[in-house]
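**Q** Could you fit the two chains together into a complex? Lean on the hints.
Chains as they are written, first to last, in numbering that gives the first Met the number 0: chain C, 0 to 102; chain R, 0 to 286.
If you are wondering where the hints come from, they were derived from the structure by calculation, not from laboratory data. Think of the CB as a built atom: it goes at the ideal place given N, C-alpha and C, for glycine as much as any other residue. Accuracy of the hints is not assured; some may be wrong.
[What the hints assert, rightly or not] Facing chain C, according to a computed beta carbon distance under 10 Å, are these residues of chain R, among others:
| # | residue |
| --- | --- |
| 1 | 77 |
| 2 | 79 |
| 3 | 232 |
| 4 | 235 |
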Amino acid sequence: MASTIRVRAISNGDTTEVQALVQHPMDTGLVKDAQGQTIPPHFIQQLTFEHNGKKVFLANWGPAVSKDPYVKFAFKGANKGDEIKISWVDNKGANDATTAKIQ
Amino acid sequence: MTMRLPIRLASVALALAVVALAGLSARAADTPDPVADAKAFQKFFKDRFPNLKPEDFVNGPYSMNEDLHRQWEEKEQFPPYEFALEAGKEMFAKPFKNGKTYADCFPSGGIGIRQNYPYFDEKEGKVITLELALNRCREANGEAPLSYVKDDMASLTAYMAYTSRGKPMDIKIPNDPRALEAYENGKRYFYTRRGQLNFSCATCHVQSPGERIRAEILAPALGILNAMPIYRSEWSGMGTTSRRFTTCNSQIRGVPLSPQDDDYRDLEYFLSYVSNGLPISGPGARP
Numbered sequence: 000m001a002s003t004i005r006v007r008a009i010s011n012g013d014t015t016e017v018q019a020l021v022q023h024p025m026d027t028g029l030v031k032d033a034q035g036q037t038i039p040p041h042f043i044q045q046l047t048f049e050h051n052g053k054k055v056f057l058a059n060w061g062p063a064v065s066k067d068p069y070v071k072f073a074f075k076g077a078n079k080g081d082e083i084k085i086s087w088v089d090n091k092g093a094n095d096a097t098t099a100k101i102q
Numbered sequence: 000m001t002m003r004l005p006i007r008l009a010s011v012a013l014a015l016a017v018v019a020l021a022g023l024s025a026r027a028a029d030t031p032d033p034v035a036d037a038k039a040f041q042k043f044f045k046d047r048f049p050n051l052k053p054e055d056f057v058n059g060p061y062s063m064n065e066d067l068h069r070q071w072e073e074k075e076q077f078p079p080y081e082f083a084l085e086a087g088k089e090m091f092a093k094p095f096k097n098g099k100t101y102a103d104c105f106p107s108g109g110i111g112i113r114q115n116y117p118y119f120d121e122k123e124g125k126v127i128t129l130e131l132a133l134n135r136c137r138e139a140n141g142e143a144p145l146s147y148v149k150d151d152m153a154s155l156t157a158y159m160a161y162t163s164r165g166k167p168m169d170i171k172i173p174n175d176p177r178a179l180e181a182y183e184n185g186k187r188y189f190y191t192r193r194g195q196l197n198f199s200c201a202t203c204h205v206q207s208p209g210e211r212i213r214a215e216i217l218a219p220a221l222g223i224l225n226a227m228p229i230y231r232s233e234w235s236g237m238g239t240t241s242r243r244f245t246t247c248n249s250q251i252r253g254v255p256l257s258p259q260d261d262d263y264r265d266l267e268y269f270l271s272y273v274s275n276g277l278p279i280s281g282p283g284a285r286p
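This is chain R alone, in the form it adopts within the complex (with noise of 0.2 Å):
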């Protein structure tokens, strides 16, 4: 008994310490921690490929396995989304009716700007992105808006990420409590799952980058917006964010949101956020 007595302490003493634990934790998660959470995330991608360099994570699929970036490396000679670019820019350049350009609509005339979307803006307290920003200039200059999905509106964000290639992705969480909560709406998005088959987006992009989904292999989240929009062969065509939610959510049989619902906006804020320092790399392309 004496000699039990020293371990029913210790073991008093761990409990405690557990609980205590435990509460702290319990309080760290309740108040949402931005900075702790995008230093985490890019922390497990990190651990989970350590022969990868932060910068390779923007190249999705084709950083995962080395046959597949020596596709990558032939197909970037010749890259697929050339014809879309091209187009992009013509479209940027040409003057709306009544004179002006989506120059007049951006900060810097819009080049080199992509890093910075989606923000959040203080005034209307929602999330703004790019593509919600091009419809909303055109709107202002007497424009129809494009569609959100694909051809003209993923010409132009093609053009303008590629004025940006290679800087990092910096989004910034003012000090006001809507932006914090539609960053923590955006989280809740990523990590809750939906739809028949009952994934959530980190089902396949942060518990399994790099396996196999059927033919493909998944991309890890991080980074992952970084190339948009992107060229998929399986589209033989060009996409946009909202084009990849959308598919997203269908293909894991749920009902997909309207694109630019203000739930894949903060959707795209939380996950830009936590891939704040890597570089933009769009347009893409994507198997």
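Bound-form chain C, shown alone (with noise of 0.2 Å):
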């Protein structure tokens, strides 16, 4: 399967803009389905952008983020290719990663 996780990063010199966006559910635990079962929650609990090993974005999440969550931060200290690492973890303890160079 394709990752879940999109990511744009672009160096404006000084800075480095991020974009990302993930594929996930995330279900409340309120709601309920067709049948009228209670949808169990299932949500990100963390989210982590790393540069060269160091955390530059650190997302404690719970429910109440949207469905497919948009991520959007700037950072400082990074250089054009740079790599940078992007996982999440939700409260199944799925997980899912991947890696972006920095345009």
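**A** See below:
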């Protein structure tokens, strides 16, 4: 299966702007399906962006975050061509990770 | 009195002229003229939004105001329909149990043909939409049909629309009275008021594009189907033309028809025809 993470990291000289889109149902545990059964909670708990082994962005998420979440942030100290690593872990222990080159 | 005579004569002449004109236009309205309709339809929107280029209309509410347009530009760098597009591409290529694929059911292998749908099938005497053709293709190959409103169907049409991006909508009305009747029926559906709110499609999408309905900016009817299927943030997912039609109908507190009902297909036929020449921009993203 293709990665659940899409990343774009663009360097603007001093700062690097990172955008990411993660495919995840982000079920709150409060919604029922068409049969009236509660859909169990299933959401990303931690999303991490690392640059050279150093965490540059860490998000502790809960069920309030929307389905297929989108994140955008900027950080200093990276160069073009550097790699950033993105990973997430959800409440069921599932995880995914990917890397992207800074453009 | 002598002074008044010319005036009176003039007014009689004017009245006669009005009667004659009314007679003419009544006759014109009797025979459907899709070509003139499409021209008038497109002119209406161009006059109303003189600053917009024709191809801007396919971006719906995003071309209606500058603020939204900026949001859209940013969104397009990272389109929310990307996952559906990828899933659609995979599904489209994956063979059925009998070894055939979707490509076998469509002209040009299903690539770059979105602009020709819906078309009028002269054998069957009905309008065939892309969604209907996809499900017929599945059934012909022994597969269960997909839901018309979202998920797999939306992903498939998203991929097919994507391969046709930029191609001008090209709907033809063959020389067949039934085709003209389907067009007329679609037009009638578009302009007929219904539901508890007593809205027609045109109330929102012809009379008030760019205005707000609650928190939403209304899209112009011109080019509205060129962007289908769409990812709607409100739905947090993809939806097809069928989904758009049925939810529109329930939002005006009417009773929606079943997806791909004859009337909806005729409506799609009419609405696509009057947008002829505008580029396909699907899959689209909407607030």
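**Q** For each hint, tell me whether it holds in the structure or not.
**A** So, going through the hints one by one against the coordinates:
1. At about 5 Å, the closest approach between the beta carbon of residue 77 of chain R and any beta carbon in chain C falls short of 10 Å, and the interface hint on this residue holds.
2. Look at residue 79 of chain R: its Cβ gets to within about 7 Å of chain C, closer than 10 Å, so that hint holds up.
3. A distance limit of 10 Å between C-beta atoms decides the matter here; for residue 232 of chain R the minimum to chain C is near 9 Å, and the interface restraint holds.
4. Below 10 Å, beta-carbon pairs count as interface contacts, and residue 235 of chain R has one with chain C at about 5 Å; its hint therefore holds.
Hint check: no violations occur; every hint is consistent with the structure.
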